[in-house]
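Trainee: Chain by chain, the residues:
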Amino acid sequence: MSTLAISYPERGADWRLPSRGRVGMYCLIAAEAAIFTIFVVAYLFYVGKSIDGPLPKDVLHAPIFYTVCLLSSSLTVHLAVRRAKSGEMGAFARWWLATMLLGGTFLFGTAREWAHLILDEGLTVSTNLFGTTYYSLVGLHAFHVTVGLLALLAVTAFYFAGDLRPEHAERVEILAMYWHFVDAVWVVVFTVVYVIGV
Amino acid sequence: MFAPVSTPAGSIFGLSIFVLVTVTAIFVAVFALLAYTVVRFRKRRDADNSEPVQIYGSTQVELAWTVIPVLIVVALFLAAARVIAEVQDLTRPPGALEVVVTGHQYWWEYRYPQLNIVTANELHVPVSDATHPGATFLTLLSADTDHSFWVPRLAGKTDLIPNHPNQMWIDPHETGVFLGQCAQYCGTQHAKMLLRVYVQSREEFERWVRDQQQTPKSDATSRGQRVFESTACVNCHTISGTAAKGRFGPDLTHLMSRDTIAAGAAKNTPEQLRLWIRNPDAIKPGSKMPAMGLNDEDVAAVAAYLETLR
Amino acid sequence: MMAGNTVALSDITPVRPLTVRLHEWVTTVDHKRLGILYILFGLVFLALGGIEATIMRLQLIRAHNDLVSPQVFNRMFTMHGTTMIFFVAMPLVFGFANYLVPLMIGARDMAFPRLNAFSFWMTALGGLFLYFSFLGGDGLYGAGSAPDVGWFAYAPLTAKTFSVGHSTDYWILALLSSGIGSIGTAINLIATIVSMRCPGMTLGKMPLLVWLNLVMASLVILAVSPLTAAQIMLLIDRYLGAHFFDTQAGGSAVIWMHFFWIFGHPEVYVLVLPAFAFASEIIPVFSRKAIFGYSVMVLASIAIGFIGMSVWAHHMFTVGMSAGANTFFVLSTMAIAVPTGIKIFNWLATMWGGRILFATPMMFCVAFLFQFLIAGLTGVTLAVAPLDWQLGNSYYVVAHFHYVIVGGILFCIFAAFYYWLPKASGRMYNEALGKLHFWLFFIGFHLTFDFMHVPGILGMPRRIYTYEPGRGWDIWNLIVTIGVAFQAAGILVFAVNLIWTCWRGKLAGNDPWDAWTLEWLTSSPPPAYNYAVIPEVRSRRPLWDLKHPEDPDWRYE
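Just so you know, the sequences run in chain order A, B and C. For the working numbering, count along the first sequence from 1 and bump the result up by 586. For the working numbering, count along the second sequence from 1 and bump the result up by 13. For the working numbering, count along the third sequence from 1 and bump the result up by 9.
Since the hints were derived computationally from the structure, they do not count as laboratory data. Don't take every hint at face value.
To be verified - Here are the simulated lysine-lysine pairs, DSS-like style, with alpha carbons at most 25 Å apart: (1) B:56 x C:169; (2) C:444 x B:280; (3) C:169 x A:635; (4) C:169 x B:301; (5) B:56 x C:556.
No experiment lies behind these values; they were computed from the predicted model shown.
Please model the complete structure; the sequences and the hints are all you need to start from.
Mentor: This is the structure:
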């Protein structure tokens with residue numbers, strides 16, 4: 587004796603619930619947003635409290651170009667997803683690669699900025715409160731960009747192996763949601779670090 | 014906390030009676046309901062297996078037991094808010110006695126800036142009575158980790174947090190010695206960071222102040238003082254009038270004016286003093302005072318020297 | 010073993026080699042097996058945490074005792090707290106959630122089975138990190154030692170200057186690892202509950218256990234993440250010379266407290282909401298009545314979740330916040346008493362007019378009601394900030410939170426064990442042993458935690474390895490310690506009962522309690538796929554509808 591089914595014949599076909607992948611990704615985004623919030627709170631709390639050392643207004647230059655790159659990558663990933671949904675896998679791949687290129691450029695910009703700050707300005711994570719909060723917040727974001735790029739790379743690998751098909755469009759869309767989140771976080775980080783904190 | 018001798022503790026005590034009565038009443042009422050339910054509605058042995066009437070809810074009942082708790086919450090909140098304001102927002106009257114308390118691992122440093130006194134571990138304050146009303150205001154600092162100043166009969170506890178100065182006040186209206194201890198885990202010997210507050214009459218307090226303001230005579234030829242000054246003792250301790258100007262450990266200038274040593278961990282007797290100097294871990298294992306490795310004669314000499322510091 | 014013409018599956022299945030069976034358990038992604046793994050893990054660490062508590066209580070049995078050194082004692086209270094919260098209570102809660110939620114919503118597994126397994130093993134890794142510290146805590150060249158900074162690890166005690174060696178780092182790694190596991194499980198629970206309910210089960214028809222686990226999972230996502238962030242900051246401070254909590258460089262010790270308690274307070278709701286879930290399922294069945302006020306119970310649970318995120322600084326009343334800030338947190342903390350009280354009244358109303366059967370699960374639930382009432386009221390006294398200025402950081406607080414966690418949460422967990430053990434094992438537990446467990450533990454609990462309030466009121470702070478004679482604390486500490494013996498005996502009886510059940514318990518059948526939620530539809534234990542045909546439901550009590558076709562619930566809901 588295993589189960590006794592109760593069934594009401596009228597139901598069944600019209601029972602639709604949100605996709606679990608989508609819900610799962612929203613939850614992940616919520617958790618990550620909470621982590622970033624704490625780093626942002628720490629950053630704002632410590633603005634102006636460094637005892638000595640380089641100050642933001644002396645050493646920071648807003649990375650406008652690289653920001654434009656990253657935010658544009660949201661547009662390209664959105665276009666890639668649309669192509670995947672309509673089955674145009676070639677166009678999808680082109681927009682997807684453009685996204686990765688823009689994301690990679692952003693990371694390169696961060697690396698350049700850090701090299702300048704460390705080597706030319708002598709600012710490290712242990713210099714003062716500004717150094718501590720700056721590298722942690724920007725670094726946490728860069729880490730998430732890196733993870734995102736690796737995920738995008740995995741999808742690219744699937745594409746080139748011939749395994750990516752239009753029915754995977756929803757999964758690709760869910761990954762794109764993560765990418766949008768990473769870009770949205772940058773809007774907040776940019777505002778906090780280069781506008782409010784300077 | 015139920016035998017307050019100072020206004021902050023007294024305000025808290027008054028509030029606690031109101032709160033206690035309220036929660037006891039709630040407890041009695043709900044417990045009675047629970048007990049009644051459990052007895053009255055238990056399944057009888059002879060009962061059949063039919064199900065009782067299924068009741069799914071009742072809006073009126075839900076409303077009732079939402080509104081009443083909300084009213085109770087509002088009452089308790091207002092009572093609390095009043096005492097918070099009373100205790101925290103008191104403006105310091107001019108001429109009030111000021112003490113700067115610095116918490117260390119595992120002892121208390123007291124500085125009286127208006128009187129030029131530095132002492133440790135035993136806090137002396139004047140009583141606040143009809144002839145001389147007046148509070149003592151404590152500024153709370155920390156040299157290392159978090160601590161908390163708690164003498165229940167005088168006031169609620171307030172923490173000592175590095176880089177975060179705090180204020181509290183007491184106005185004890187009874188003389189006596191009031192006990193407490195550090196109430197925020199600060200490291201290995203948190204348990205023996207004890208507090209002794211000596212509330213004295215005006216005359217006694219002023220006598221104590223005068224004694225503390227004296228500088229003891231320094232005799233550089235005394236063996237004890239020589240051992241003290243040439244050993245690492247001076248790195249941690251201050252004795253006015255000598256070369257000892259260390260700030261890491263308690264000021265010893267008037268050590269013999271205290272009833273206890275090691276922040277209350279031991280009585281200030283000759284045996285305990287010698288034991289403490291020879292082997293602090295025997296009294297307070299994990300305290301920051303190291304055993305100085307002195308031989309017996311040197312220990313006796315240093316102790317004899319310290320015993321001259323009244 | 011035959012009972013009528015029913016045969017246990019285990020009797021007709023050939024036995025496979027032990028290595029094969031163990032390998033299946035280690036690689037399982039089945040929510041039921043992972044649930045059992047979580048629960049067994051929690052029970053093992055309950056024993057460890059209990060030993061740590063026993064050592065502390067023996068040391069405190071009289072003034073100036075020297076059973077253990079202060080260094081050892083300080084490690085004991087740190088390990089006891091960390092173990093009980095992260096490696097006992099959380100795993101038990103996640104274990105039951107894992108086991109029950111898919112069954113109760115008519116699903117075959119959780120939304121992400123492999124994430125589920127990953128989350129469990131990350132939690133297990135955390136436990137390993139924490140206890141490895143006993144060996145590796147002082148670094149390569151020192152003798153081992155566990156963390157001794159207290160379970161909430163206040164800065165700057167955790168800075169490299171004050172916490173030399175690696176004991177604090179093991180604490181950090183343990184919590185980072187288990188935190189990742191917790192967030193994974195929370196994501197899984199939410200996705201499962203939102204996306205995998207069987208046809209007909211709208212949100213308003215889910216069992217309350219499912220609702221409460223949904224709110225709990227949301228809290229985990231919002232609350233464990235701040236802890237993770239703070240741990241990362243502490244790690245950067247200790248290893249890269251950063252200054253997040255470095256007061257010498259202008260950093261703030263208070264901000265650690267804010268970050269920790271923004272996690273720490275919702276955490277207790279993470280633990281208590283599933284306890285409420287068990288009570289909400291068990292009390293109706295043993296009172297033979299539907300839960301009173303289902304919608305209000307749902308709203309109250311959501312309210313507790315929301316308000317619970319806004320009360321954290323009531324752990325910081327003595328820190329020196331402004332009068333305004335203190336007053337705000339008094340109000341928010343008091344506010345949470347309202348929905349919590351509403352729940353107690355609804356459970357009472359469920360029992361009112363019922364036909365109460367006092368089997369072991371119900372006995373634990375009734376004790377829970379009594380004890381949670383007291384715990385809530387002592388919480389109200391602490392919410393009044395000026396009273397907290399006296400009672401905070403004293404044994405009164407220790408008594409209060411143990412009243413909630415042991416008297417409230419653990420009692421409900423015991424109830425859940427006895428209620429669902431027949432489903433999971435297919436066998437009934439021994440009722441006499443169950444009642445013996447209850448009475449032993451009840452007596453021990455009250456001896457220890459009722460009297461523990463007194464030394465707190467008399468001025469005894471917490472986290473002290475010894476105390477002075479003559480403060481009037483001695484007799485109370487003695488009574489508190491005696492209670493430990495009874496609790497230990499109770500747990501022993503419980504363990505014996507668990508083993509007895511699996512070996513000698515009578516076959517339980519699908520539905521030994523005549524209950525009403527979907528898990529009682531399928532066999533005991535359920536097959537790996539849970540349901541051969543996914544059920545469809547029309548009310549909150551689908552089995553009531555089946556058993557009472559003339560008077561189904563959906564006519565009244």
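Trainee: None of the hints should be skipped; say for each whether it holds.
Mentor: Hint-by-hint comparison with the structure:
no. : hint          : verdict
1   : B:56 x C:169  : violated, 62 Å
2   : C:444 x B:280 : violated, 52 Å
3   : C:169 x A:635 : holds, 22 Å
4   : C:169 x B:301 : holds, 17 Å
5   : B:56 x C:556  : holds, 20 Å
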